[in-house]
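K.L.:
Protein chains in written order, with the numbering used here: chain A, 1 to 135; chain B, 1001 to 1135.
Please keep in mind that the hints were generated in silico from the structure rather than gathered at the bench.
Some hints here could point you the wrong way.
The following label-pair restraints were derived from C-beta to C-beta distances [unchecked claim]: (1) B:D1119 - A:D43: 21 to 29 Å; (2) A:R16 - B:R1016: 19 to 27 Å; (3) A:T122 - B:G1121: 51 to 59 Å; (4) A:P15 - B:D1018: 29 to 37 Å; (5) B:R1032 - A:Q9: 21 to 29 Å.
Covered by chain B, per the in silico footprint, the following chain A stretches (three or more residues, Cβ under 8 Å) [to be verified]: (6) 66 to 75; (7) 88 to 98.
Glycine included, every Cβ here is placed at the ideal spot set by N, Cα and C.
2 protein chains.
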Amino acid sequence: MSAVTLREQGTAFLPRFDADGLITAITLDAARGDVLMVAHMNDEALRLTLTTGIAHYWSRSRRQLWKKGETSGQLQTIVDIAVDCDQDALLLRVAVGGDGGACHTGARSCFYRRLVIDDSGTPYLTRLPDADSQR
Amino acid sequence: MSAVTLREQGTAFLPRFDADGLITAITLDAARGDVLMVAHMNDEALRLTLTTGIAHYWSRSRRQLWKKGETSGQLQTIVDIAVDCDQDALLLRVAVGGDGGACHTGARSCFYRRLVIDDSGTPYLTRLPDADSQR
């Protein structure tokens, strides 16, 4: 198999980190099925996630390893992880501890606003009911 | 309001493109609610998505604007778009044309493999039933 075929069709886990050493992680609430957040992992965050079963990320703003929920109690226990075709993105389904939220603003999901286009073609945001998250 | 508060709590759409001029886009099948793919948009792809109602991305590998489905028929009609707290990620809910799939490999969702850890601690991938995508 070619390298591309191996990566796309094979059974080997060959995560493709970008130039900054990061892979995209999308985190879903396993019970509700909705998207809670999008973050990144470096090699160490991925390794810790796999060995501990608790989601770890790399904080790009703080430039440090980030055990999600370590201070808030919103720990994310991994239910399962899916990998995309070119292995540069992971889809984590998690059970959330604490109050069940994920966003530092206090919202349950980080996707608490919807994009709307007004009559003049200008986009603006409206807040969604928290229970509704991205729907 | 501070710039951060404005971005996180305000109604202004202030997309935060990264150093490469890209924003992350997660695309969900609106009917099924599952994640189809993760891609990126530059300013032009975002503008075209908003003005045409059809998802456009920026292909990092081909380094060109990418109207998803233009050749495959898997056009993605926007149902709605949510924006995350720091406005560096979009969540698109779409109705998919053609055969309803999104992945260039022929799978419906790009997330067609699950990560499994074997008894020795080595991660590997197993293919999910296509109808099951990331579950």
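K.L.:
Does each hint hold? Answer for all of them.
P.N.:
Structure-based check of all given hints:
no., hint, result
1, B:D1119 - A:D43: 21 to 29 Å, "23 Å, holds"
2, A:R16 - B:R1016: 19 to 27 Å, "23 Å, holds"
3, A:T122 - B:G1121: 51 to 59 Å, "53 Å, holds"
4, A:P15 - B:D1018: 29 to 37 Å, "20 Å, violated"
5, B:R1032 - A:Q9: 21 to 29 Å, "24 Å, holds"
6, 66 to 75, "violated (count 0)"
7, 88 to 98, "holds (count 4)"
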